[in-house]
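Asks: The lines below spell out each chain.
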Amino acid sequence: MFSNSYIFKYSAIMVILVAAILAGAALLLQPAQERNVKVEKIQDMLNSAHIESTTDNAEQLYEKYVVREIVIDENGEEVSVYKGGKFEKGDVRAFNIDLKSQLKVKQDAAQGKTKEKAVFPLFEVDFEGDTLYIIPLQGNGLWGPIWGNITLKRDMSTVEGVSFGHKGETPGLGAEIALPQFENSFLDKKVFDDKGEFQSISVVKGGVANSSIDPAHGVDAISGGTITSMGVNNMLKNNLSNYITYIKNHKK
Amino acid sequence: MKDTKIKEPLFSAKNRKLLTAPLNKDNPITVQVLGICSALAVTAKLEPAIVMAVSVTVVVAFSNLVVSLLRNTIPPRIRIIVQLVVIAALVIVVDQILKAYVYNVSKQLSVFVGLIITNCIVMGRLEAFAMSHKPWESFLDGIGNGLGYGLILVVVAVFRELFGSGTLFGYHIIPQSFYDAGYANNGFFILPPMALILVGLIIWFQRSKNADLVDKS
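Quick mapping for you: the protein sequence lines, in order, are chains G and F.
If you read the first sequence in this note's numbering, its first letter stands for residue 1, the second for the next number, and so on.
If you read the second sequence in this note's numbering, its first letter stands for residue 1, the second for the next number, and so on.
Think of the hints as simulated: they come from the structure by calculation, not from any bench.
A hint or two may mislead.
[As the list claims (entries may be wrong)] Quick partial rundown of chain G residues pointing at chain F, CB under 7 Å, derived from the structure: (1) PHE2; (2) ILE7; (3) LEU22; (4) ALA25; (5) ALA32; (6) GLN33; (7) PRO171; (8) GLY172.
[What the hints assert, rightly or not] Which chain G residues stay away from chain F? Per the calculated CB distances, all over 12 Å, these: (9) VAL15; (10) GLN30; (11) GLU34; (12) GLU40; (13) ASN57; (14) LEU61; (15) VAL67; (16) LYS86; (17) GLY90; (18) LYS104; (19) ALA109; (20) ASP188; (21) ASP193; (22) LEU240; (23) LYS251.
Ideal Cβ placement from N, Cα and C applies to all residues, glycine included.
Next up, chain F with everything else stripped away, as it sits in the complex (with noise of 0.2 Å):
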């Protein structure tokens, strides 16, 4: 017999679920509890958390796609060096592309796209899948956790730019009519604290529905 080798679909179960997993039961914030910082830092208006999630995404999948590839080249003496290597080059990439394009978005996310090269979630990835996986199922992994971390970055934004400054991108969402009323927008919403709180919350609301996430002890 040639070929005895049954070529796996690209979207097997198993694929589908190195997608999915991050976004809840996998989820690299409120799980894994890695890029806290970016997540508090990006999420006070809705528009640059998304370019942040995109940004993200893209870096951790790409990154997770070309150290999967040179896996077996790579000595392991300076593995890190190398993985490094291709995060801060895809991250300069990225905020090139962003100061050419959208450029008032990378003005609002200013340092924090260069802070992607030591946002944990894309070099914990490289650690701990791509190194040891294909190329396929490594990119896979990186666009589902990019989702997971961009999901909570957009809920996040959505109740701070909501209730924080009234607006979603920037168009007034809450009606003239409350302001009349006497309704004010909440100050604290746009500052840090407020998105670790949120954070917060989140985590509480997806582990009393998550039974197994609870630790034991």
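Excised from the complex, chain G in its bound form (with noise of 0.2 Å):
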């Protein structure tokens, strides 16, 4: 009772208007997710930095506090400087910097897959009178891909907070790496040692008070959340590495 060619007639009409309602949809709620996209990230930087925040104030806070936004390079050099609504120096702003297609990038420079030079970026907070750098963060977990932010203080070592986040950890366990218990056991801990020799910050399995690590440098791991903890090990140390001639030039 339906021929071919109405079965034909049928599914094409069904797919364009199909099509043109998506892409309809699509277009007229897309600044309102970029907006939220965008939110979640600065709410994420400012907590590392324990400034409180909510989803309608964030971006204002952000304005107020976030006084430089710094992208080096591999040797620590400058390569853009934003501030106050203008750039001071080159063109790229370190917010809209993807920070896992940077990593990438640095890692297939180093096995001369590209030519393509990584730049990272660095926010520089001034919050009431005192100066704190933000440094995002990212790296794998066991299921998927973690990320983060740490802040240092002026002295560009000390720890002022951490904030974690995870797209699946197992809950109970890895999961426990977005948890204030782990991230408030970072605080005042040093990425630099006192000779000024770059340590990271290692979370140690087993805990740190019994193994040989300066307590100033290692954090306990989370007990049953091993590959998730050494996957934030591995992330701290991976992405810190990156900003320590830039930190060795400019340390106050």
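Work from the hints to combine the two standalone chains into their complex.
Replies: Spelled out as structure tokens, the structure:
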């Protein structure tokens, strides 16, 4: 009762109609969605610097407290500086850098696959007279990506705070990295030792107290979340190492 | 005589039954045993469970409505494809709206909104009901089944959030004095197996009240 040509016409019209509806919906809702992603990124950053924010005031607080957005290259040189709504140098905002793809570029460049140079974002915060530096982090956990921000104090070594996030680590085990108990264990740890050598902050299985690692450069891993803890450990080392030269040159 | 056909009232007894039967005797989860996987995944907290329930209700109701309107034009040979296209389009629209207006909840629901497309409740209702009934009845049937699904989700989520995290909607319900006296949240409630156990308990409870749901054999 339905001919083949009817079936073809029916499906063609249906597909075009549905495509039009979906494209329309996507276009209409895109601004709101992009804003959500941006606000989330800002809130993660402000959390690591212990600045309280809500989804409504995050953008204002960001403009108020983040005084300089710096982009550095692998040699620790400032490629781009964005301050007070305009560029002092270069033309890339640190906020718009996709860290994940930059880490990929760095990896590819190390293997000689690309000639591109990776660049890394750094945010300078002026919070009530105190200078802080926010460094975004990106790495891998057990089941998927993990990410976060680490905020360093004026000396660019002592940790003011961290915030971690994850895509889907095991609840109750690996997912604990995003809980305050774990994040607070990073407070006042040091990324550089007294001689100014880079130490990163190790996440130690079995506890820092039972290991040879200086308590100033280590935190306890999560029981039952070993691979996620190692992921945090590697993420810190891998991301922070990109800033060593810059920090050595700019340390106050 | 002109118009001999008596128009059926919008909420006749028959139509009301379409709405209420899925809440109990014809419940999609506990009786038809459809859509279990998403029921396990999104019920650790009450808020995502409610958003999921609303999303599924909207999708079932409107896909039922659309398919019922089209039912006489859909060639039987490609009817499953047509149904899937209708469902998929609605789910994508719902997903986009959630991402735009309740971003945090949409992150918690993650892939499960997309998986409404494969939720057996939706396809099941389209095949079993919308293809052979009028639009308004189909719409009500969709709402009813969505609510029946949502009811179980909410009941499970209340238990899981209350005992697993001591909160409801993120607000602390269990007083601090309980914790001081040695009470601890039961982490097992957060894990998916507990949802399965709770659904099992609900089915047991429902069948003990409703003898005609029990298999004769």
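Asks: Could you run down the list of hints and mark each one as holding or not?
Replies: Do the hints match the structure? See the list:
For PHE2/G, the interface hint holds, since its Cβ comes within 7 Å of a Cβ in chain F; the closest pair sits about 4 Å apart. A cut of 7 Å between beta carbons decides the hint on ILE7/G: the least distance to chain F is about 5 Å, and the hint holds. Annotation: interface hint on LEU22/G holds; nearest CB of chain F at approximately 6 Å, less than 7 Å. Look at ALA25/G: its Cβ gets to within about 5 Å of chain F, closer than 7 Å, so that hint holds up.
At about 4 Å, the closest approach between the beta carbon of ALA32/G and any beta carbon in chain F falls short of 7 Å, and the interface hint on this residue holds. At its closest, the beta carbon of GLN33/G sits 5 Å from a beta carbon of chain F; the interface hint therefore holds under the 7 Å criterion. For the restraint placing PRO171/G at the interface with chain F, the shortest Cβ-Cβ distance is roughly 5 Å, inside the 7 Å limit, so the hint holds. Here the hint on GLY172/G is kept, as its CB sits about 5 Å from the closest CB of chain F, short of 7 Å.
With a least CB separation of 7 Å from chain F, VAL15/G falls inside the 12 Å interface cut-off, contrary to its annotation. Residue placement check: GLN30/G does not keep its beta carbon more than 12 Å from all beta carbons of chain F (closest about 8 Å). For GLU34/G, the condition that its CB be more than 12 Å from all CB atoms of chain F is violated, with the nearest at approximately 9 Å. Listed as a non-interface residue, GLU40/G fails to keep its Cβ farther than 12 Å from every Cβ of chain F; the least gap is roughly 7 Å.
Separation of ASN57/G from chain F is adequate, the least Cβ-Cβ distance of about 16 Å exceeding the 12 Å criterion. Distance check on LEU61/G: its Cβ is at least 18 Å (rounded) from any Cβ of chain F, clearing the 12 Å threshold; non-interface status holds. Remark: the non-interface label on VAL67/G is consistent with the geometry, its nearest Cβ contact in chain F lying 27 Å away (cut-off 12 Å). For LYS86/G, the non-interface assignment is confirmed: its Cβ lies about 30 Å from the closest Cβ of chain F, beyond the 12 Å cut-off.
No beta-carbon of chain F is positioned within 12 Å of the beta-carbon of GLY90/G; the least distance is around 31 Å. With a closest Cβ-Cβ approach of about 24 Å to chain F, LYS104/G is found to remain outside the 12 Å limit, as its non-interface label requires. The beta carbon of ALA109/G sits about 33 Å from the closest Cβ of chain F, which is more than 12 Å, so the claim that it is off the interface holds. Under the 12 Å C-beta cut-off, the non-interface status given to ASP188/G relative to chain F holds; the minimum distance is some 28 Å.
The Cβ of ASP193/G lies farther than 12 Å from every Cβ of chain F, with a closest approach of about 38 Å, so its non-interface assignment holds. The claim that LEU240/G is not at the interface with chain F holds, since no C-beta of that chain comes within 12 Å of its own (minimum 27 Å). With a least CB separation of 38 Å from chain F, LYS251/G remains clear of the 12 Å interface cut-off, as annotated.
Hints 9, 10, 11, 12 from the earlier list are contradicted by this structure; the remaining hints agree with it.
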